[in-house]
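Asks: Modelling step: build the complete structure from the supplied sequences, incorporating the hints.
There are 2 protein chains.
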Amino acid sequence: MKQNESALVCLSGGQDSTTCLYWALKHFTHVEAVCFSYGQKHALEVEVARRIAEKAGVAFSLLDLSLLGQMTHNALTDASVVMDKEKQADALPNTFVPGRNMLFLTLAAVKAYEKGIRNLVTGVSQTDFSGYPDCRDTFIRSLNVSLNLAMESQFVIHTPLMWLDKEQEWELADELGVFDIVRNETLTCYNGVMADGCGECPACKLRRAGLERYLSRRNR
Amino acid sequence: MKQNESALVCLSGGQDSTTCLYWALKHFTHVEAVCFSYGQKHALEVEVARRIAEKAGVAFSLLDLSLLGQMTHNALTDASVVMDKEKQADALPNTFVPGRNMLFLTLAAVKAYEKGIRNLVTGVSQTDFSGYPDCRDTFIRSLNVSLNLAMESQFVIHTPLMWLDKEQEWELADELGVFDIVRNETLTCYNGVMADGCGECPACKLRRAGLERYLSRRNR
Numbered sequence: 001m002k003q004n005e006s007a008l009v010c011l012s013g014g015q016d017s018t019t020c021l022y023w024a025l026k027h028f029t030h031v032e033a034v035c036f037s038y039g040q041k042h043a044l045e046v047e048v049a050r051r052i053a054e055k056a057g058v059a060f061s062l063l064d065l066s067l068l069g070q071m072t073h074n075a076l077t078d079a080s081v082v083m084d085k086e087k088q089a090d091a092l093p094n095t096f097v098p099g100r101n102m103l104f105l106t107l108a109a110v111k112a113y114e115k116g117i118r119n120l121v122t123g124v125s126q127t128d129f130s131g132y133p134d135c136r137d138t139f140i141r142s143l144n145v146s147l148n149l150a151m152e153s154q155f156v157i158h159t160p161l162m163w164l165d166k167e168q169e170w171e172l173a174d175e176l177g178v179f180d181i182v183r184n185e186t187l188t189c190y191n192g193v194m195a196d197g198c199g200e201c202p203a204c205k206l207r208r209a210g211l212e213r214y215l216s217r218r219n220r
Numbered sequence: 001m002k003q004n005e006s007a008l009v010c011l012s013g014g015q016d017s018t019t020c021l022y023w024a025l026k027h028f029t030h031v032e033a034v035c036f037s038y039g040q041k042h043a044l045e046v047e048v049a050r051r052i053a054e055k056a057g058v059a060f061s062l063l064d065l066s067l068l069g070q071m072t073h074n075a076l077t078d079a080s081v082v083m084d085k086e087k088q089a090d091a092l093p094n095t096f097v098p099g100r101n102m103l104f105l106t107l108a109a110v111k112a113y114e115k116g117i118r119n120l121v122t123g124v125s126q127t128d129f130s131g132y133p134d135c136r137d138t139f140i141r142s143l144n145v146s147l148n149l150a151m152e153s154q155f156v157i158h159t160p161l162m163w164l165d166k167e168q169e170w171e172l173a174d175e176l177g178v179f180d181i182v183r184n185e186t187l188t189c190y191n192g193v194m195a196d197g198c199g200e201c202p203a204c205k206l207r208r209a210g211l212e213r214y215l216s217r218r219n220r
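Chains as they are written, first to last, in our numbering: chain R, 1 to 220; chain G, 1 to 220.
No lab work stands behind these hints: they were computed from the structure. Some clues are possibly wrong.
Unchecked claim - Label-pair restraints from in silico Cβ distances:
no.	chain 1	residue 1	chain 2	residue 2	range
1	R	194	G	47	42 to 48 Å
2	G	78	R	62	17 to 23 Å
3	G	59	R	115	34 to 40 Å
4	R	64	G	138	30 to 36 Å
5	G	43	R	217	58 to 64 Å
6	G	73	R	145	24 to 30 Å
Unchecked claim - To give a feel for the contact side, a few chain G residues facing chain R, derived at Cβ under 7 Å:
no.	residue
7	67
8	111
9	113
10	134
11	138
12	139
13	143
Glycine included, each C-beta is placed from N, C-alpha and C at the ideal position.
Replies: Encoded structure:
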């Protein structure tokens, strides 16, 4: 059932947020997308997100949070930091950008407040959370309460991927009829390589393993 | 007792945050200040904050959140919006900037994270909260939890003014030995007039009423 309401999707141009965009289009009558530039090394991300929104026929806005890149030091924003190939035990991965999801969702909520939009959609997932604390369900629920208190509002944060693993995410994209779009036109790779990516970085490994599991099940 | 810890104070150059800065200097061995530009009409605020930090001998950093001014429409950031003289019943005042305190404290927390600082200090007050939902105690506590979950950290947000009215705030400034600094060198006025201000805007009225009550008690 499609709700006669508006939703704002945080869109980065990767597999997760693109799947969420199409999930939102199925569930809400009006959908918009918001994307953030924050000094990420791969500015291509933003262009990919813009193309995806255009193809999906939704309004796209870009918010400049380059301040975040200036304030933090990590492998996604700082060319001098070399990415961990594997996650270190008992440590946050050095691709963690502190406060990133909190700032993205808070700015998305400010935008939604100004436009009278109640629903926010984000592609975070606890199942494959890669060690990022701000992808976990408890954080998102706490943030939802904080946003509602801050703006005396009734935002609802939707996280359609929260409890799916990457294999199930591919299945969801397929059900939504956008398997090919998600496979070929998104950018998930930390090294900025489109679609199936570099195959070497943690994001590519995770994406590919899920894809292979899903394809072997689909083709059975 | 002074804690052998560091604190980061959100400093706007007004009465509240200046009092908090000196409160922090009394309670922590190392104090820094962070200020935000967000497209406020009175850019003087930032210069006032910088001078106050310099006088207090604490490091000062300015974060550019002009994005917030671009995204929102209200009497503090938009020259075309005329300020309400009095708060409307059952409505947020049109000086409310949605998400402002949440963004300020989240960015302050990111800065604190990068510098290994655990304590955050903000001058919000529920007693004289002027209708701003993001000045209330429940919001700040919820935000504290959200920040800690987002960054897997143990931030402690201090709100020394939360339950004080403006009269008690003047008393606190006096106890801290900075009554004259707070009275003469801060900018609280929505119309950008230093010290005792324009006398007409809601911020001046609130500040002056408290000052008069405190002075009549002090001089008794």
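Asks: Once the shortest beta carbon distance from residue 67/G to chain R is found, is it less than 7 Å?
Replies: holds (6 Å)
Asks: Do the beta carbons of residue 73/G and residue 145/R sit within 24 to 30 Å of each other?
Replies: holds (26 Å)
Asks: Is it true that the C-beta distance of residue 43/G to residue 217/R lies inside 58 to 64 Å, as the hint says?
Replies: Holds - the Cβ-Cβ distance for residue 43/G and residue 217/R, about 60 Å, lies within 58 to 64 Å.
Asks: Could you check the hint for me, namely that residue 194/R and residue 47/G are 42 to 48 Å apart, CB to CB?
Replies: holds (47 Å)
Asks: Using the Cβ atoms, figure out if residue 59/G sits within 34 to 40 Å of residue 115/R.
Replies: Taking Cβ atoms as reference, residue 59/G and residue 115/R lie about 38 Å apart, which means the hint holds.
Asks: Quick one, is the residue 113/G hint okay against chain R at 7 Å, beta carbons?
Replies: holds (5 Å)
Asks: Taking 17 to 23 Å as the hint, is the beta-carbon distance of residue 78/G and residue 62/R inside that range?
Replies: The hint (17 to 23 Å, Cβ to Cβ) holds, given that residue 78/G and residue 62/R are roughly 21 Å apart.
Asks: Quick check on the hint: residue 139/G CB to chain R CB, less than 7 Å?
Replies: holds (4 Å)
Asks: Is the hinted range of 30 to 36 Å satisfied by the C-beta distance from residue 64/R to residue 138/G?
Replies: Holds, since residue 64/R and residue 138/G (Cβ atoms, about 32 Å apart) stay within the stated range.
Asks: Using Cβ atoms only, decide whether residue 111/G comes closer than 7 Å to chain R, and label the hint accordingly.
Replies: With Cβ-Cβ at 6 Å, under 7 Å, it holds.
Asks: Mind checking the CB of residue 143/G against every CB in chain R and telling me if the closest is under 7 Å?
Replies: holds (5 Å)
Asks: Against chain R, is residue 138/G within 7 Å by beta-carbon distance?
Replies: holds (6 Å)
Comparing the model with each earlier hint shows no violations; every hint is respected.
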